[in-house]
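There are 6 protein chains.
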Amino acid sequence: MPAAGADFIDGLYTVAGNGDIRTRSGIAVHMYAANRSMTDRYFVDADGELLFVPEQGTIGLRTELGPLTVAPGEVAVVPRGIRFAVELPSGPVRGYLCENFGAAFTLPERGPIGANGLANERDFLAPAAAFQDRQRGVQVVQKFGGNLWAADYDHSPLDVVGWHGNYVPYKYDTANFMVIGTISFDHPDPSIFTVLTSPSELPGLANADFVIFPPRWLVGEDTFRPPWYHRNIMSEFMGLVHGVYDAKAEGFLPGGASLHNTFTSHGPDAETFARASAAELAPQKVDGTLAFMFESRWMMIPTRQAMQAPHRQDDYDAIWKTLTRSFRALA
Amino acid sequence: MPAAGADFIDGLYTVAGNGDIRTRSGIAVHMYAANRSMTDRYFVDADGELLFVPEQGTIGLRTELGPLTVAPGEVAVVPRGIRFAVELPSGPVRGYLCENFGAAFTLPERGPIGANGLANERDFLAPAAAFQDRQRGVQVVQKFGGNLWAADYDHSPLDVVGWHGNYVPYKYDTANFMVIGTISFDHPDPSIFTVLTSPSELPGLANADFVIFPPRWLVGEDTFRPPWYHRNIMSEFMGLVHGVYDAKAEGFLPGGASLHNTFTSHGPDAETFARASAAELAPQKVDGTLAFMFESRWMMIPTRQAMQAPHRQDDYDAIWKTLTRSFRALA
Amino acid sequence: MPAAGADFIDGLYTVAGNGDIRTRSGIAVHMYAANRSMTDRYFVDADGELLFVPEQGTIGLRTELGPLTVAPGEVAVVPRGIRFAVELPSGPVRGYLCENFGAAFTLPERGPIGANGLANERDFLAPAAAFQDRQRGVQVVQKFGGNLWAADYDHSPLDVVGWHGNYVPYKYDTANFMVIGTISFDHPDPSIFTVLTSPSELPGLANADFVIFPPRWLVGEDTFRPPWYHRNIMSEFMGLVHGVYDAKAEGFLPGGASLHNTFTSHGPDAETFARASAAELAPQKVDGTLAFMFESRWMMIPTRQAMQAPHRQDDYDAIWKTLTRSFRALA
Amino acid sequence: MPAAGADFIDGLYTVAGNGDIRTRSGIAVHMYAANRSMTDRYFVDADGELLFVPEQGTIGLRTELGPLTVAPGEVAVVPRGIRFAVELPSGPVRGYLCENFGAAFTLPERGPIGANGLANERDFLAPAAAFQDRQRGVQVVQKFGGNLWAADYDHSPLDVVGWHGNYVPYKYDTANFMVIGTISFDHPDPSIFTVLTSPSELPGLANADFVIFPPRWLVGEDTFRPPWYHRNIMSEFMGLVHGVYDAKAEGFLPGGASLHNTFTSHGPDAETFARASAAELAPQKVDGTLAFMFESRWMMIPTRQAMQAPHRQDDYDAIWKTLTRSFRALA
Amino acid sequence: MPAAGADFIDGLYTVAGNGDIRTRSGIAVHMYAANRSMTDRYFVDADGELLFVPEQGTIGLRTELGPLTVAPGEVAVVPRGIRFAVELPSGPVRGYLCENFGAAFTLPERGPIGANGLANERDFLAPAAAFQDRQRGVQVVQKFGGNLWAADYDHSPLDVVGWHGNYVPYKYDTANFMVIGTISFDHPDPSIFTVLTSPSELPGLANADFVIFPPRWLVGEDTFRPPWYHRNIMSEFMGLVHGVYDAKAEGFLPGGASLHNTFTSHGPDAETFARASAAELAPQKVDGTLAFMFESRWMMIPTRQAMQAPHRQDDYDAIWKTLTRSFRALA
Amino acid sequence: MPAAGADFIDGLYTVAGNGDIRTRSGIAVHMYAANRSMTDRYFVDADGELLFVPEQGTIGLRTELGPLTVAPGEVAVVPRGIRFAVELPSGPVRGYLCENFGAAFTLPERGPIGANGLANERDFLAPAAAFQDRQRGVQVVQKFGGNLWAADYDHSPLDVVGWHGNYVPYKYDTANFMVIGTISFDHPDPSIFTVLTSPSELPGLANADFVIFPPRWLVGEDTFRPPWYHRNIMSEFMGLVHGVYDAKAEGFLPGGASLHNTFTSHGPDAETFARASAAELAPQKVDGTLAFMFESRWMMIPTRQAMQAPHRQDDYDAIWKTLTRSFRALA
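Residue numbers (this note's numbering), protein chains in the order written: chain R, 564 to 894; chain D, 564 to 894; chain S, 564 to 894; chain H, 564 to 894; chain U, 564 to 894; chain V, 564 to 894.
Worth flagging that the hints you see were computed from the coordinates, not collected in a lab.
Being a predicted model, the structure only gives us computed values, none of them experimental.
Ideal Cβ placement from N, Cα and C applies to all residues, glycine included.
A hint or two may mislead.
Derived DMTMM-like pairs (lysine to aspartate or glutamate); straight-line CA-CA distance at most 20 Å [as the list claims (entries may be wrong)]:
1. U:K884 to S:D722
2. H:K848 to S:E784
3. D:K734 to D:E784
4. S:K848 to S:D878
5. R:K848 to D:E684
6. H:K848 to H:E764
7. D:K884 to U:D696
8. D:K848 to R:D785
9. R:K884 to H:D696
Chain R regions said to be covered by chain V (calculated; three or more residues, Cβ under 8 Å) [to be verified]:
10. 585 to 595
11. 869 to 879
The whole structure should be built from the sequences, with the hints applied where relevant.
If you want it as structure tokens, here you go:
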């Protein structure tokens, strides 16, 4: 790989994962960073589908079934087994990647929310068919069984002239997400922000949920409005595309990530707790922000490189140190 | 029944219904009005459970399993086959009654809303056991197969000293309903206001839904906020406990009712349409109101007495007469 | 029908029913009595399958798929649409007949009882193939849409030479029923005596259950051993093949029948109550008896002939008249 | 851990297990023994829920949601992720522990047994809320991913002042188990003794069943009454709380355990076989005993310490050595 | 209706039906014939969806969601509650109409046939949006509860400018049906020709199936190739678009119809039987024909006008009269 | 094992596998070859059931429940936990073996194919009970947890005198398979050739499918008749019993095997492609052949011995080398 810079494959960085690639359950979480388009190189993941969450820079996904251009604020999914190249139409890119080994992402069954809430089918966009009639040596990198394998082709694998069906790459603009929340009091479960879900065989317990915290109104009366303190059966991997996440007054930056594993207690930092406990509760617009979670039913095991990374935040739990005891004697 | 006034049984007035009592599907909608407690008289419905929606006056439901006091703003359910008397602790009463022949009312599966939204299990209250040791002649009226049958007993049938189980009368205060709605844009389906549902064998198509329109915030941006114009597979029987319903600028009073049958087009009246189309969209609190719907998957057939009632509103569709044509030529 | 006596068709007597023949739900309950074989006459029921419960005399079911001989203590089922004749190999016959319009009878899912309890597959017997090569005028009577229709054939319709499949008549000897019950204390629901069930679309709520009360041991400690007083969502049609039913000290004879409709309170007669309340609780063998129930989820409507029959017992509820009040003051 | 003696954590001894902690399936079987309360130490299991089966001594489970006192004959469950301390109100304790990684234990769907058999909901007891306002250094030990992790707190984690919901510790007295069994002939599957089940995604094939053999009547006629010889798809881990197990005439003591793994043939010992084959079959009360099984759908792998334990019984299969050949020539 | 001729509404002729309009089950079968477009008149069916099977002449379905042109060989469905007018772009029309009160028609779950057989999703065509900006008096006829109701509008109801969703009219060309059948021996069930199904709550038992007999190859070896003699739980209403149906050597003409009700024995006519029994079995192309069935799980009740129609074929069963006895003595 | 030659156990050769023996999912694929009967040796597999596909020589399966004789063209299944010996009634044998750890093989739900297609229940044959009264030392080899264990018995374990139930060995003659396929155009998915399936918890995604390519007619018009080029979510292990497989013009011999793992592109060899593209499409009988597939939802991992076998075909992909580019310029 003598060319200057790093393409999408070069820049992949695996953070955590769970489940089992060989029996197709669980997910892996990767970060990607690239400053060079994949030229004469193609990628295909036989282990899982790939959910792209761009944080910096627009990516061009040139797939067997046609191209998709995906900017921060948008997300995209490439199904298992579809060949593609990542191109950089406007400079370096960085983002989050959820590799889903389980059931394909789909819209959640919305229950009483009905047909006009959360993400809607019509806002998911598939590519128009396109192909490369390219007769020269290229490399196809395949992820299979957890390993990367390379093969030399004498032509581009993006040689599909037309297609029909619904096993296709797609993209979605989170600005189209109709956010639902309390319009009375109390704080619902963040599952109400689910964009896509990879269901497991147990209803209500997802292999993976993709959940966003987009701009929205807060109007809860008599309510502590930030996320509450809780333990969750789901493991929560959180990232930030831009802006400020409302449970962290400071210290959570775009491109950063946190992991609250299954049954690990967590909640707002001390400053957020103090501010929210004292706030007057007028309608408030949370704006200019996009945080998200990859949630999964099982513990996520961080990789060694993630645990040993110099940029890992060692004192993460300091944000709760200044929380004080709140017991009061009964009169 | 020589005593002055009318008790609960005397004052029942059947408005509409669907399904089949003998094979236990569908519902009937009744109005009740009484100015006298049931004394030495008891009622039991072998055809269906009874959902009480008081509109005026508090009712005392003295049931085999204990007493429940239910005021306007609260609702109560007496299961099929449970004997009870309706008492008037504070004067005349009036209200709506849904007789549910199908599956017992239950909480809807809430999907992504999760465990902290809409009605919560803990807010449904069962009675404490109580009994009458009364040895005198009483009358027990039973609804069975669509008819009323009377039997003379020499003792009160409310002679249950204790009980366990979950086949019990219960009540619910709608003030405990955590209202969920859009906190971004657009107008969700009113199914999002479901308190209780009697499911059918088809997921998503209820035998009956009990839906409320309680106080709540409206914050939808770029949105026509009243209910939209629509045809519905569900038949919508609507009533009003107090206040003003937000799709009817005038003409819908507490104690009144409307029926928009399956696949009948309807929507806001012309005045509401005009006002909402021109409104500036700041956060707005809808307050001091409680409307509700009994929705059902099949057409509801009004009774003859309802169709011929002198108080029936003959010009109901006049509210849409002044809507004007909105086609505009393309430039 | 000039021949002396009555064959099976002549002697059918419909007692009660529910559901709807045209949409195939519910059951009808008939009594049969015959003193003559069907000769040159055949029957076929296109509306439902027929469950025979002989009470007096052995019947020979000569079906398209072969013959079955069924004596009191045994039961048999002829599927919908299978032609057959009822023969009397040993004199006059009498019995109960459940015409099942709903899902075909099958074994109940036995849950924790596992694979060795109640009725077992291997004890249900199908006929060996047999045919009639008979070229003469015969009559085929078909029940279709609730009516009987007759057609003249010039040959026997029992002309099936061989068959394979599982849509077949079968018989079962209730002596093979492995009776399960309490071996500690308390009195289980009689559903524990289910031989066959016609399930509805709702698990746990049968279109029809065939339930028997055969010889068995009673060993419950600290227990009122007869059936308790109850109201039941199921309607209970009860008959008696021989012996004495243990909730009725007297007045219930073989060939008799009782109907406790849905949500109708009932229980042991006063004499049984008194005796069981005072009994010393040693192990006791209930022997020499076979009662049964056809249970169904909906109310059963008796026929006019049944309601007006001179042999109907008008004072049936007298058995409870002498029950006395049991309230006692707390010390 | 300088204090004399061993608390609950010190005395845990893992015997066998199956499934996978990380993907939450299977169980582990432990023995516990302690002679010291946990003081200033707390435990929480993020891998699974814990089913306690005390064999000697009463344990006090001081949980986040309140205390439970559990004596031999009773059992208790602490859900995954709930902090607790084990106290010894009356001296040393010993018992069995099933750590369930799969679906939470629940009552089995009882099928034809109906609503009045086996374990009943009302006999499961939850704790009343209670909390510790304790400001001093404590240790919290967490089982997470199969390892034990310790953290130092400056206050007790049992600081929950009140709670609602149904994710709670509970206890059950096996004396309330309504035992069901044959009251005619034959020997049912021991699944009929199921108290609690952890279902798998396959109906009828449990991740784990908790099955008891409590006092009960045996009245089977014409029947070999002890458990039969069999191979089972379920793996059977058996323990004994007190008394004598009826398939083992000798050699199975309280506190002991046996493992008959999936598809391993087993059955009564030779002495039991001989005695039962010759017994006269009068009603017989099995009394003064409580054996139990943890059954699981997959093979259980014993731990190395269990396989190499000096107290392991090496000649376990000797109990069948004296069984003799029973072929007889046809006359 | 003073204009000369008959439009689609004028020419409707109901033949048979089952189920119940008010509780939405079953179907009705109609014939249509028109020689005039609907001008200033519109139709909407609130009771069920309409499946059009043109037999003569092309119909133009001008619906709220846009126009569809449907020629013989094609079929179309207009959903319940969608307004439309039937136009005659090329002269008089005639055809069959299935009014489906039950679950909407959908593709059958294809099981082992997989994703490339029978009718494929991509061949079902929806209309492009179109609207009428027409300000003049028109009549809208609505079928509701089994009756026709007329309302006067001052504008066309086809005023929908755009739409999204999947509740839409559609058409399908039967020439796209990939016919599957035996390629070895034997004759499969005609369910293998299912184009669309309206499922009931019971898998395998349709409220309605639309089944076609299009051009196809017959290659079964050692096989009687026409439909066999059978009784069917499904009721079979059959029609013919063009050509000859292979179980009727004569007497079944395009535009004709036959009804073999539930459990009614039927099969090939005597001539077909004789010919097929003697035929040499080379590969044979059945060509130039399109027969079809509306199958339904319940008996279909013919209307009085159909039963009394002068064109009804009174001697329909004569086709089997000449079948002869086939018993042969065993040697 | 001093005797000359190799019996069934000696000659087992494991090729590939997936899933997990301990949690019972996935399959293993073995080859067997033996030239000596198992005498005084027995086998039992506690890990999975065994599907035998003989390729050379007839095998005698002497099982606990009786004997089965299985010749090439037939297949047989021995359930998990059933003891048996493989005998060679007519000389050396060779074949394929699928060890199924998951749900037992069963017939696929056939959907629209109905009750008369593919494999039929009546063609599966169970053994008649038989036993060995043999008192001498024998060896029983058990596969348990992926290992082989041997135990010495002093008698034959085939000592079952009689049995009832349906957990039995069985055999099936593939000549009874009613092959279904296109009789119009196009090429269906090979799932249409499914004989037996081991379902997973996900409908449509089998743990294992046993699929055959038996003699059949090809009549597809306007169709490329060989298998198409595809990637498959299922992994395809293919074998050949006799004849020629129609996607491989050469190079695939009886007893050979190919593995196209999940998402690996494959299709006809170049010669087949050329021939089929130019062929005139008359009806054609594919005869004298029996290929088959073991398909599984997960990747199959080849064993080391298989990967390193000298007889492995290293240039397998050469069959596609001569495929040429087919892009053509648009005019």
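Verification of the supplied hints:
Restraint check for U:K884 and S:D722: satisfied, since their Cα atoms lie roughly 17 Å apart, inside the 20 Å limit. Under the criterion of a C-alpha separation no larger than 20 Å, the hint pairing H:K848 with S:E784 is consistent with the structure, at around 11 Å. Among the hinted pairs, D:K734 with D:E784 is inconsistent with the structure: their alpha-carbon atoms are about 36 Å apart, more than 20 Å. Proposed proximity of S:K848 and S:D878 is contradicted: the alpha carbons are some 31 Å apart, above 20 Å.
In summary, the hint linking R:K848 to D:E684 is not supported, as the alpha carbons are separated by about 31 Å, beyond the 20 Å threshold. A hinted pair counts as satisfied when its Cα atoms are at most 20 Å apart, and H:K848 with H:E764 does not qualify at roughly 38 Å. As the CA atoms of D:K884 and U:D696 are separated by approximately 18 Å, the hinted pair is consistent with the 20 Å bound. For the given pair, D:K848 sits about 15 Å from R:D785 by alpha-carbon distance, which is consistent with the 20 Å threshold.
Our distance criterion of 20 Å between C-alpha atoms is met by R:K884 and H:D696, whose separation comes to about 18 Å. For a cut-off of 8 Å, the count of residues in the segment 585 to 595 of chain R with a CB near a CB of chain V stands at 3, and the three-residue condition holds. Check on the segment 869 to 879 of chain R: 0 of its residues sit with their Cβ under 8 Å from a Cβ of chain V, so the three-residue criterion for coverage is violated.
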